[in-house]
Structure formats: structure tokens, C-alpha cells
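Peer 1: Sequence:
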Amino acid sequence: MMKDLSKSCPVCGMAAKKQSLKMDYHQLTYHFCSTQCQETFLQHPELYSGGYPHHHNPVYKNHRITLSNVPKDPAKIRDHLQKMKGIKEVTLKGNSLNVEYDVLQTNLQQIMKNLDSLNCPVKSGLWGRMKTSWTIYTEKNELDNLSRGDAPCCNRPPPKG
6 MMKDLSKSCP VCGMAAKKQS LKMDYHQLTY HFCSTQCQET FLQHPELYSG GYPHHHNPVY
66 KNHRITLSNV PKDPAKIRDH LQKMKGIKEV TLKGNSLNVE YDVLQTNLQQ IMKNLDSLNC
126 PVKSGLWGRM KTSWTIYTEK NELDNLSRGD APCCNRPPPK G
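Residue 6 is where the sequence shown starts when you use my numbering, and the numbers rise one by one after that.
These are calculated hints, taken from the structure and not from any lab test.
Hints may contain errors.
Below are the SDA-like pairs computed for lysine to any residue, each with C-alpha atoms no more than 20 Å apart in a straight line [unchecked claim]: (1) K27 x S13; (2) K118 x L151; (3) K90 x C38; (4) K165 x W139; (5) K145 x D107.
Remember, predicted model here, so these are calculated numbers, not experimental data.
Just need the whole structure built from these sequences, with the hints factored in.
Peer 2: Next up, the structure:
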């Protein structure tokens, strides 16, 4: 029998849209307030289904993103990004975009996807791609570690006996 968890979004804690955005995970039905929250849940479902109180402990990241060109309407980009869940602050100077966001609610890939949808792609030089890949990798590792809880690691083995 499936249990229905329809009161609030498991990612951001906002009121969930009961009918439209939902998915089943380990015999529980989760409802989401937005497609962004559903995508975030799908990337690390164990983090949001295991009772970790992430709504109260945001994990903020601050990144500078270099855009491939100077945007014609910087206010439109800033407003569009600030509508995303988890975005705390957006500043844009020339083609340099500073974004502060909660990695538990959004990630760099989702931010870059939104920038592409506004026809404002990220600069794609070798160094920029390496930094972006490294950031995505470290965000994924941090979320993986948070979802595992207090499991022993290589330098702290479990007690014998």
C-alpha cells in the first residue's frame, strides 16, 4: 500500500501541487511544488526521503559564472534566476554573474540550464569547462555525503565487536 505525502514539497518545504507533480519512491508518493524540485529530488532521493532536516539548514554556495557575451537585458536574467528555488542572491556586472544559492534546492547545472533557456550561455573555454565540471562534481559529492548521514568513512572505521 502506498502512503501519500502530499502536504509539502520534500525539497523546499513549500505547499505541494497535489495533482500535477508527483512520483513514487520506496512505496511513498511524493508531491512537488515545481519541476525544479522534482528534478532535484530525482538526483538524490535518499537525501529528501530520509528525514534529513534540510529545510532548516541551507548549504549556500557562491559561484562566479562568466557568460559568453554581455547580456542585453541584465534585469531579465537576474529576475529569472531569482525566481528559481534556492537562489539567495544574483549580481551581474558586464558578463560576470555572481550567484549565491542553496545546493540542497538547486545546483549549478540547473542554473546553467536556465541561462541557456534565456539565450545567455556560459563561456565555453577550456578553463571555464574544467571549473564548471569541478564545481558540479564537488556539489554531487557533498550531496552524496549528506544523504549518507553519519556512516563511517575510511579514516573512521566502525567499532569492532
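Peer 1: Can you name, in rising order, the numbers of the hints this structure does not satisfy?
Peer 2: 2, 4
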